[in-house]
Amino acid sequence: DVKVTQSSRYLVKRTGEKVFLECVQDMDHENMFWYRQDPGLGLRLIYFSYDVKMKEKGDIPEGYSVSREKKERFSLILESASTNQTSMYLCASSSVYTEAFFGQGTRLTVV
Amino acid sequence: QQQVKQSPQSLIVQKGGISIINCAYENTAFDYFPWYQQFPGKGPALLIAIRPDVSEKKEGRFTISFNKSAKQFSLHIMDSQPGDSATYFCAASRGSNYQLIWGAGTKLIIKP
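Those protein sequence lines, which keep their order, are chains A and B. Everything in the first sequence is counted per the numbering used here, starting at 1 for the first residue and increasing by one. Everything in the second sequence is counted per the numbering used here, starting at 1 for the first residue and increasing by one.
Bound conformation, chain A alone:
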């Protein structure tokens, strides 16, 4: 069964902390994505990657960075967490032949 796994369902972090959100897919997909989801705003793309060590900015990359050292793993990094980064974060993967599959999401609260 297709699987995209995010390391945490819920996270609470303090302002200024460095935060790592991890995502692993077991489908050998080339493409991986990080979105944030906020009520009334839908899904907004933060970063995406079409290959290992490759990354491209999405619509709202400010305050975030990513890392893709292995094909199956895509990490989102909040260098210095702020309260306006409190949100639901969704990871997804896809390939040339398939639609996007999503993880279950990480609800991050920055206090």
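Treat the hints as calculated values from the structure; they're not laboratory data. Because the structure is a prediction, the values reported are computed rather than measured. Just so you know, even glycine gets a beta-carbon here, dropped at the ideal spot from N, CA and C. Careful: at least some of the hints might be erroneous.
As the list claims (entries may be wrong) - Interface residues of chain B toward chain A, partial, derived using beta-carbon atoms under 8 Å:
| no. | residue |
| --- | --- |
| 1 | L46 |
| 2 | A49 |
| 3 | G105 |
As the list claims (entries may be wrong) - Computed list of chain B residues with no C-beta within reach of chain A, every gap over 12 Å:
| no. | residue |
| --- | --- |
| 4 | E26 |
| 5 | P52 |
| 6 | E56 |
| 7 | G60 |
| 8 | N67 |
| 9 | S74 |
| 10 | S85 |
| 11 | T87 |
| 12 | L100 |
Once you've looked at the hints, dock chain B against the given chain A.
Same frame as chain A, now just chain B:
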């Protein structure tokens, strides 16, 4: 030109009724239009998708209607059931695996 506009923001339908959610896009280069369904606490999952070479696609109780000239597409849920209560997102892209442009979502509630 990259936007996808989705309406309504929320929708309440009686059990057995028809739920209709609409989306409009601007970029005529889009050629893949999926609908995703999201239940609380879960990530979105693909429900049904259409390409612009057809005007309608049906899968069970779910139908996408596509109007290329108007640059609009819609999701119809026939005989809506309480289990259909979820948030629905439309999206569009150039190619099925490229960056999706998302609508804002519609929270659908089916009343028993």
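*chain A contact restraint for L46/B - C-beta distance below 8 Å*: Cβ of L46/B sits 5 Å from chain A, so the hint holds.
*Say whether it holds or is violated: S74/B keeps its Cβ farther than 12 Å from all Cβ of chain A.*
holds (17 Å)
*Can we confirm that no CB of chain A comes within 12 Å of the CB of S85/B?*
S85/B clear of chain A: closest Cβ-Cβ about 16 Å, beyond 12 Å.
*Hey, is L100/B genuinely clear of chain A, shortest beta carbon separation above 12 Å?*
violated (7 Å)
*Supplied contact hint for G105/B, tested at 8 Å Cβ to chain A*: With a minimum Cβ separation of about 5 Å from chain A (threshold 8 Å), the hint on G105/B holds.
*E56/B: least C-beta distance to chain A exceeds 12 Å?*
Consistent with the label, E56/B stays out of reach of chain A, its closest Cβ about 19 Å off (over 12 Å).
*Decide, holds or violated, for the assertion that all CB atoms of chain A are farther than 12 Å from the CB of E26/B.*
Holds, because the least Cβ-Cβ distance between E26/B and chain A comes to about 16 Å, which exceeds 12 Å.
*Determine whether the non-interface label on N67/B survives the test: each CB of chain A must be over 12 Å from its CB.*
holds (22 Å)
*Is the Cβ of P52/B more than 12 Å away from each Cβ in chain A?*
holds (17 Å)
*Beyond 12 Å from every chain A Cβ: check whether that's true for G60/B.*
holds (18 Å)
*Decide, holds or violated, for the assertion that all CB atoms of chain A are farther than 12 Å from the CB of T87/B.*
Its Cβ does come within 12 Å of chain A, the nearest being 9 Å, so this is violated.
*Was the hint right that A49/B lines chain A, CB cutoff 8 Å?*
holds (7 Å)
Hint violations for this structure: numbers 11, 12, all remaining hints satisfied.
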